[in-house]
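In case you want the letters, here they are:
There are 2 protein chains.
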Amino acid sequence: MGTSPLDRIRVVLVAPLYGGNVGSVCRAMANCGMSDLAVAAPADLDLNEARMMACHATHVLDGRSTFATLAEAVADCAAVMGTTARRGLYRQHARTPREWAGKALEAAESGSRVALVFGREDKGLTNEELALCTHIVQIPSDPRCPSLNLAQAVMVCCHEIFVASGTFEPQTEKSAEAPSALRERMFELWESALFEIGFMKEDKAQHMMLGLRRILSRGTLTEDDVKILMGIARQAKWAARNGGQPGPE
Amino acid sequence: MGTSPLDRIRVVLVAPLYGGNVGSVCRAMANCGMSDLAVAAPADLDLNEARMMACHATHVLDGRSTFATLAEAVADCAAVMGTTARRGLYRQHARTPREWAGKALEAAESGSRVALVFGREDKGLTNEELALCTHIVQIPSDPRCPSLNLAQAVMVCCHEIFVASGTFEPQTEKSAEAPSALRERMFELWESALFEIGFMKEDKAQHMMLGLRRILSRGTLTEDDVKILMGIARQAKWAARNGGQPGPE
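The listed protein sequences derive, respectively, from chains A and B.
Be aware that the first sequence starts at 1, since it is given in our numbering, and climbs by one per residue.
Be aware that the second sequence starts at 1, since it is given in our numbering, and climbs by one per residue.
It is possible that part of the hints are untrue.
[Stated by the list, open to error] Here are the simulated lysine-lysine pairs, PhoX-like style, with alpha carbons at most 25 Å apart:
#1 174/B to 103/B
#2 237/A to 204/A
#3 103/A to 174/B
#4 227/A to 237/A
#5 237/A to 174/A
#6 174/A to 174/B
Honestly, the hints are just simulated from the structure, not real lab data.
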């Protein structure tokens with residue numbers, strides 16, 4: 001656990017009002033491999049609601065630390081990244097979560113602690129709180145509806161850092177991309193099958209086969225895909241000779 | 001409104017259980033400049049809860065269309081992107097939202113409609129529903145806590161498409177980056193000020209000024225920043241000569 005830079009990313013909520021939001025924040029953090037939650041000056045939170053929304057991430061909720069002020073919650077953090085939806089004084093240097101994600105990871109990888117700071121649901125962070133921040137974050141949003149739900153804002157910031165960390169291993173195709181020789185065997189088989197089932201005659205064959213090549217070259221074809229397509233052609237040939245009776249296995 | 005490709009991105013919720021989630025989805029969509037919400041086979045949704053969570057995005061909630069099945073909800077969509085947290089049959093070709101975002105926008109820009117499909121809160125999409133999808137999306141998440149809240153999953157997918165669309169105009173510094181000549185005038189002024197206030201002597205000056213250059217070169221300095229720093233140096237010189245009395249204006 002202690003070796004991932006994600007363990008050194010702290011989410012700090014300033015004076016959150018709703019337990020449900022705090023719970024949703026816990027779940028979003030756990031989705032992104034983070035667990036260090038600090039709450040500064042919380043209201044009287046509904047912890048039942050928080051627990052319900054935290055879902056499988058109650059360990060984040062139970063492990064949270066509580067501070068009287070933001071200054072105390074970030075005292076041991078080198079980079080302090082504060083989020084804002086508004087523009088204006090103190091807020092001109094804002095960058096998007098994607099632009100700061102590398103910076104946050106760089107600091108965390110070097111052993112420093114990094115704080116992501118989120119303000120009140122209704123009023124965000126005060127100018128005094130933003131002054132404590134070394135970096136200002138503005139989440140891209142439509143100017144007609146710029147303000148995100150607190151937990152959604154946390155999700156976007158954590159997602160950007162999680163993706164940038166390269167921790168997530170995407171699923172890979174089990175079957176390799178088919179090489180040209182295998183694809184050509186398939187096209188030969190289809191050509192002869194399309195003759196045998198009476199779909200095309202010699203004079204149209206070249207045109208039709210080019211059309212089929214175009215359709216099947218638009219996306220990646222794996223070896224498994226080619227085997228399925230060859231099986232179809234073989235079976236069509238068999239059926240054409242045997243009058244549509246079920247074939248040998 | 002009708003000219004943005006974002007208007008041709010439809011979010012489809014299959015059999016959502018909780019009104020609060022549907023409302024949060026509306027807000028997330030509006031944050032990302034989207035408004036086409038379709039609900040397939042909804043449970044008896046708590047619309048008061050939905051309205052509360054939709055916040056300023058009640059127009060998305062009120063404008064939603066309802067269908068009996070997923071097939072009907074996506075009938076007019078060219079690209080159908082289905083989300084899944086599980087792995088297995090039908091789910092091997094999954095890519096991340098960031099990897100598919102370009103594809104979704106490309107289709108939407110060409111005038112096609114694109115569906116982003118999200119399954120039930122508890123069980124996701126069935127294999128039959130996934131079979132209707134042309135693209136499978138898997139949101140990067142920690143394998144120890146892989147399942148996202150429904151509205152969080154929508155937020156991540158919409159955020160990735162919104163960012164890729166280049167719609168968001170990031171805030172730019174009002175003040176340009178300071179050119180070398182202006183920076184050098186500032187360093188000269190600081191050097192003379194640091195002599196005048198007695199902070200350094202000739203033999204240490206070069207070393208100290210290199211340190212100051214290092215500190216002030218670590219980040220970008222705008223013309224406004226340099227003017228502030230020059231003002232400090234000027235005032236320090238004035239104060240050193242006038243015994244700390246308040247200066248002229």
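Results for each hint:
{"no.": "1", "hint": "174/B to 103/B", "verdict": "35 Å, violated"}
{"no.": "2", "hint": "237/A to 204/A", "verdict": "19 Å, holds"}
{"no.": "3", "hint": "103/A to 174/B", "verdict": "23 Å, holds"}
{"no.": "4", "hint": "227/A to 237/A", "verdict": "15 Å, holds"}
{"no.": "5", "hint": "237/A to 174/A", "verdict": "29 Å, violated"}
{"no.": "6", "hint": "174/A to 174/B", "verdict": "52 Å, violated"}
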